[in-house]
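These protein sequence lines map, in sequence, to chains A and B. For the first sequence, our numbering begins at 1 and goes up steadily by one. For the second sequence, our numbering begins at 1001 and goes up steadily by one.
One or more of the hints may lead you astray.
For lysine-lysine, the following DSSO-like pairs were computed, each having C-alpha atoms within a straight-line distance of at most 30 Å [to be verified]:
id : chain 1 : residue 1 : chain 2 : residue 2
1  : B       : 1060      : A       : 406
2  : B       : 1055      : A       : 405
3  : B       : 1025      : A       : 84
4  : A       : 74        : A       : 266
5  : A       : 74        : A       : 204
6  : A       : 204       : B       : 1025
7  : A       : 87        : B       : 1079
8  : A       : 405       : B       : 1060
9  : A       : 87        : B       : 1055
10 : B       : 1004      : B       : 1025
11 : B       : 1080      : A       : 210
Which residues of chain A face chain B? A few of them, derived with a C-beta cut under 8 Å, are [unchecked claim]:
id : residue
12 : 50
13 : 81
14 : 122
15 : 212
16 : 219
17 : 406
18 : 407
19 : 411
Over 10 Å on every C-beta distance to chain B, these chain A residues come out as not near it, computed from the model [what the hints assert, rightly or not]:
id : residue
20 : 76
21 : 121
22 : 166
23 : 210
24 : 215
25 : 259
26 : 280
27 : 301
28 : 319
29 : 359
30 : 412
Calculated directly from the structure, the hints in this document are not laboratory data. All residues carry an ideal CB built from backbone N, CA and C; glycine is no exception.
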Amino acid sequence: MTFWIATAIFLVSYGLIVSERLDKTKVALIGAGLMLILKIINQQEAFYEEKYSIDYNVIFLLIGMMIIVNILGKTGIFQFLAIKSAKLAKGKPPVILVFFACITAVLSAFLDNVTTVLLLVPVTLFIADELELDPFPFLISEIMASNIGGTATLIGDPPNIMIASKVQLTFTDFIYHITPAVFFIFAFFLITIILLFGKKLHVKADIRQKILFMDESSLIKDYSLLKKSLSVLGVVILGFIFHGILHYEPATIALLGAAILLVISKEDPHHVLKELEWPTIFFFIGLFIIVGGVIKVGLITKLSEGLIAFTKPRADNMFVTSITTLWFSAVSSAAIDNIPFVASMIPLIMNTAHAVLPQGTDIQSVIQHSTLMPVWWSLALGACLGGNGTPVGASANVITLGLAKKAGYPISFKKFILYAIPITIETIIISNLYIWIRYYIF
Amino acid sequence: MKVKNIMDTSPNLIRTSDTFESLIKILDEVKYNVVFVVGQEDRLVGIVTEGDIIKVLIPKYITVDTSLISVMDVNYLEKKCVECKNLPINEIMSRTTFTVTEEDPIIKAAALMFINKIHTLPVTKNNKVVGVVSRLTLIKHITKVLAEQ
Chain A
1 MTFWIATAIF LVSYGLIVSE RLDKTKVALI GAGLMLILKI INQQEAFYEE KYSIDYNVIF
61 LLIGMMIIVN ILGKTGIFQF LAIKSAKLAK GKPPVILVFF ACITAVLSAF LDNVTTVLLL
121 VPVTLFIADE LELDPFPFLI SEIMASNIGG TATLIGDPPN IMIASKVQLT FTDFIYHITP
181 AVFFIFAFFL ITIILLFGKK LHVKADIRQK ILFMDESSLI KDYSLLKKSL SVLGVVILGF
241 IFHGILHYEP ATIALLGAAI LLVISKEDPH HVLKELEWPT IFFFIGLFII VGGVIKVGLI
301 TKLSEGLIAF TKPRADNMFV TSITTLWFSA VSSAAIDNIP FVASMIPLIM NTAHAVLPQG
361 TDIQSVIQHS TLMPVWWSLA LGACLGGNGT PVGASANVIT LGLAKKAGYP ISFKKFILYA
421 IPITIETIII SNLYIWIRYY IF
Chain B
1001 MKVKNIMDTS PNLIRTSDTF ESLIKILDEV KYNVVFVVGQ EDRLVGIVTE GDIIKVLIPK
1061 YITVDTSLIS VMDVNYLEKK CVECKNLPIN EIMSRTTFTV TEEDPIIKAA ALMFINKIHT
1121 LPVTKNNKVV GVVSRLTLIK HITKVLAEQ
């Protein structure tokens, strides 16, 4: 009976999140509340037991990075970079398109995607307005670049943070395995956007001149704060690079960095904390409890039995499982939020590993088994890149389209998917080739 | 006392098919800072205030990121004015508008102005605009009431 109640809570919560008829944070918290009040999972398990509990490493890594980005965003550096790059491009729209995509991708790899697009979209609309161009090519390129860039690192996108935390992967693991794939994907993406939009982006020389006369230095509001924020961010990234060697969890580094920046910046913590994305944090908390409940009742075990029957993974080869995971994750993440999807997929893959792989002396010998690793990388690539497929696939898409609409440039669902689906398929095909060549040929 | 007793019977009217340029000319000549927009058979369809005119000239992305003002062209406003010259009124006006009929009591006009923080109200009869009452009209009426006492 408990099994069916937990499954019902899980499915109804999923359904409501997909339908978007109710705020997703409310759904996750109600679902979590029901799991607890019906004693499917008790509070001790939900809060403290590693197997079922809230992943505090994910929660505090997100909070820490949100604090750092919030303070960095106040300096005007994002707008400065955009204007500076437009000037370096000599006001030529196709070059600006490529530069903006690169800035978005690099910033998204190290910072929260939502903050990145939130700060870059207004300045993009401004440049497009000055150049008397339709902002659509710039906006859609930035959305895609944000999700592709976010895929590159452990801290770039929530699915990576979640996978890294549960599988105990380091920042350098992602740099070694995922970043090369993202380089190829991003290079093909840049070629694609140039082919798609390059010819449409031509303006007269006198209009381009307007860009060259802009004074980007006026956008930096506080040089002292900028120096402090960039120094802390630099040290935090160094900390991430060495966290595996130093035996610190990423959340420890992010939280300490955030605390130091709060002290040295002299920013009022009340203001900074008020501006964090608390609904996202509570969405995670609720989801972890819901997923903890269905793990406890055995639903995830049953689903993993299905995955095993369908993809027939072996202890020495999981090629079919990898490729199935990649495409299934991409399609699912385009249709629904990738956070609940990944939260459910992680225990499912873990269960599969425990069922198929020989039991080792420690957990790492199973969940970090060399046969299983391509499956984790497939999940990360599929879940992050799949978010590009539809307007609701990732938070960056929702935020950018919302801002564009507010600024008088509404982008329809149809127009978005017309460009987004082919680009997403292209990125997944490249991921597929990467996984196949890197892990199954050599 | 009723609205019809104090209203000004010469409201500023403009048609939906008119342009930004004709609107500015009207506003330059009239005593109220609002113009009522009328469609077929002089039926009220909207209102244009000074705020609506400024809204047309300001890029919307500025409301999201005010820091961009510092890199905007110093002649942006002037260029935008010329660009908007032939913009139709229905792209400038606000559609929601409060009205009173000439048979309504004056207190209704006063209450609508106070609650909704507006300065001028169109007076209608069978959906046609027949007059206008403003805060100034109300003050003049109050002065008259006290003088009569």
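Taking the hints in turn, this is what the structure says about them:
no., hint, in the structure
1, B:1060 - A:406, "holds, 7 Å"
2, B:1055 - A:405, "holds, 16 Å"
3, B:1025 - A:84, "violated, 41 Å"
4, A:74 - A:266, "holds, 13 Å"
5, A:74 - A:204, "violated, 34 Å"
6, A:204 - B:1025, "violated, 34 Å"
7, A:87 - B:1079, "holds, 22 Å"
8, A:405 - B:1060, "holds, 10 Å"
9, A:87 - B:1055, "holds, 29 Å"
10, B:1004 - B:1025, "holds, 28 Å"
11, B:1080 - A:210, "holds, 15 Å"
12, 50, "violated, 42 Å"
13, 81, "violated, 13 Å"
14, 122, "holds, 4 Å"
15, 212, "violated, 12 Å"
16, 219, "holds, 6 Å"
17, 406, "holds, 6 Å"
18, 407, "holds, 4 Å"
19, 411, "violated, 14 Å"
20, 76, "violated, 6 Å"
21, 121, "violated, 8 Å"
22, 166, "holds, 37 Å"
23, 210, "violated, 6 Å"
24, 215, "violated, 6 Å"
25, 259, "holds, 27 Å"
26, 280, "holds, 20 Å"
27, 301, "holds, 47 Å"
28, 319, "holds, 47 Å"
29, 359, "holds, 55 Å"
30, 412, "holds, 18 Å"
Against the hints set out earlier in the document, violations occur for numbers 3, 5, 6, 12, 13, 15, 19, 20, 21, 23, 24.
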